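FYI, in mature numbering (1 follows the signal peptide of the UniProt record, and there is no 0) the residues of the sequence shown are -19 to -1, 1 to 360.
Simulated from the structure, these hints should not be mistaken for laboratory data. This one's a predicted model, so the numbers in the text were calculated from it and none came from an experiment. Even for Gly, the Cβ is constructed at its ideal location relative to N, Cα and C. The reader is advised that the hints may include incorrect statements.
Unchecked claim - Below 20 Å or equal to it, Euclidean Cα-Cα: the simulated SDA-like pairs (lysine to any residue) are: (1) Lys90 / Gln56; (2) Lys25 / Asp147; (3) Lys25 / Ala165.
As the list claims (entries may be wrong) - Label pairs and their in silico Cβ distance ranges: (4) Thr36 / Ala125: 16 to 22 Å; (5) Gln268 / Asp70: 49 to 55 Å; (6) Glu27 / Ser171: 23 to 29 Å; (7) Glu129 / Gln56: 20 to 26 Å; (8) Gln146 / Gly1: 37 to 43 Å; (9) Lys317 / Glu129: 45 to 51 Å; (10) Lys251 / Ala144: 52 to 58 Å.
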Amino acid sequence: MYARSLTLFLTAVAATALAGDIAASENQGVHAALCAFVTMLGRKVEVATIEPLHTAAYELVQELNFTLSSAAWQQKFYTDAEREEVHADASKAGVKTMGGDKYWGHWKKAAESYKKGNDNTRIKEVIGGDISDTAKQLGQAEIAVLAEELESLHQHYKAPSQAAQDFTAEKAKQIIAEAITGEATGTLGSIAADKVFGGSISSTPRAAACTVKTTPPSPITVLATLACVCQTDSTDTITDGACGRQANTATGWISGGGPVLAAVYKTLGKTCGGHSQKPITATEIKQSIQHVRQLINTGAANGQLGAFRSDCTGRSNAGMCIKFTNLATTGEAAIKPMKWLADLQGLAEAMEAKAAAAGEVARLNLQLKTKENSREGGH
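Hey, can you work out the whole structure from these sequences and the hints?
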């Protein structure tokens, strides 16, 4: 993987060092780097699943802790001697300074399960009939320790963000499709030409359309970027093309301003070949982004991605490239408006965040289940 990165980097350096007209296949390294994204279209995306928090063990321990407590302690939680209604909060129950500030939610739930009219079969199964006061005291002491251990686990647990919970593999596929084609449902067989640059380029000079900026038209998608570095000029062609012979079969682009047809984008995309059957991972996305970044060159002022001589007009003596205005002085701010690159970086980070959240829940569940099993094994 790193050898490939070095090859792409050296290709870019060689491109900037050349003088004269753009050579055949000079942008082939950039083409390969961009194709890494095009071939992600339609693939499954590896997005972790956050399993439900295993709260059954914790709730059972709290109910046991309550059941094995003294009658006097239990009565504090009810508004009447018949245990028909549970107090609304810890202060009204008179237990706020006795741990109620921390445990009230769990204690109240346990008290609800034990009030008049409720038949807590789960507790009966664990306790197994009537037990002596001495056994109750010993059991309650053990359960109290276990309850504290479980509470400590909960205290150190940070619930997954809503964004992480809502993030799905299908949403990830849509982000990838939009980054490549301009539409969340886009495919190489169904491309809306005006979406590729974020707007019509019919009256926009190629050099302007291929300049990264916050307002469209701009190379906001992978296909737009691919067109800027590979699409031949309508009158000034390069033998065998800047990105290789296959990418040179597309209709020429009028450098002074003219549309690029959907069929042309499709042709360029098809030059990327087939794709892997493996799910897309965050690592794959981030490595592909890094490859593209390594191919961005910085001159005295502006930066370029692709073959450059004087400007990204598409002509063989000027450049077939993407322009990053004032990259030398503004740095990352010049690259940031390249929407597809930023969106895919954000996608990779969202995938990593969900994987981390899923791992955190899985670890806590394992600890909770271990505590539950140790409790069951001891009785």
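(message) Hint check: Lys25 vs Asp147, CA-CA at most 20 Å. Holds or violated?
(response) holds (17 Å)
(request) Take a quick look at whether Lys25 and Ala165 sit within 20 Å of each other, Cα to Cα. (result) Distance of about 14 Å is within 20 Å: holds.
(request) Return holds or violated for the Cβ distance of Gln146 and Gly1 against the range 37 to 43 Å. (result) violated (56 Å)
(request) Assess, step by step, whether the Cα of Lys90 is no farther than 20 Å from the Cα of Gln56, and give holds or violated. (result) The hint holds at about 14 Å.
(message) For the hint 45 to 51 Å, verify it against the beta carbon of Lys317 and that of Glu129.
(response) holds (49 Å)
(request) Return holds or violated for the Cβ distance of Glu27 and Ser171 against the range 23 to 29 Å. (result) holds (25 Å)
(request) Starting from the range 20 to 26 Å, see whether the pair Glu129 and Gln56 falls in it by beta-carbon distance. (result) Holds, since Glu129 and Gln56 (Cβ atoms, about 23 Å apart) stay within the stated range.
(message) A range of 52 to 58 Å was offered for this pair. Does it hold for the Cβ distance of Lys251 and Ala144?
(response) violated (35 Å)
(request) Can you let me know if the beta-carbon spacing of Thr36 and Ala125 is within 16 to 22 Å? (result) holds (19 Å)
(request) Just tell me: holds or violated, for the beta carbon distance of Gln268 and Asp70 against 49 to 55 Å? (result) For Asp70 against Gln268, whose Cβ atoms are near 53 Å apart, the range 49 to 55 Å holds.
In summary, the numbered hints that this structure violates are 8 and 10.
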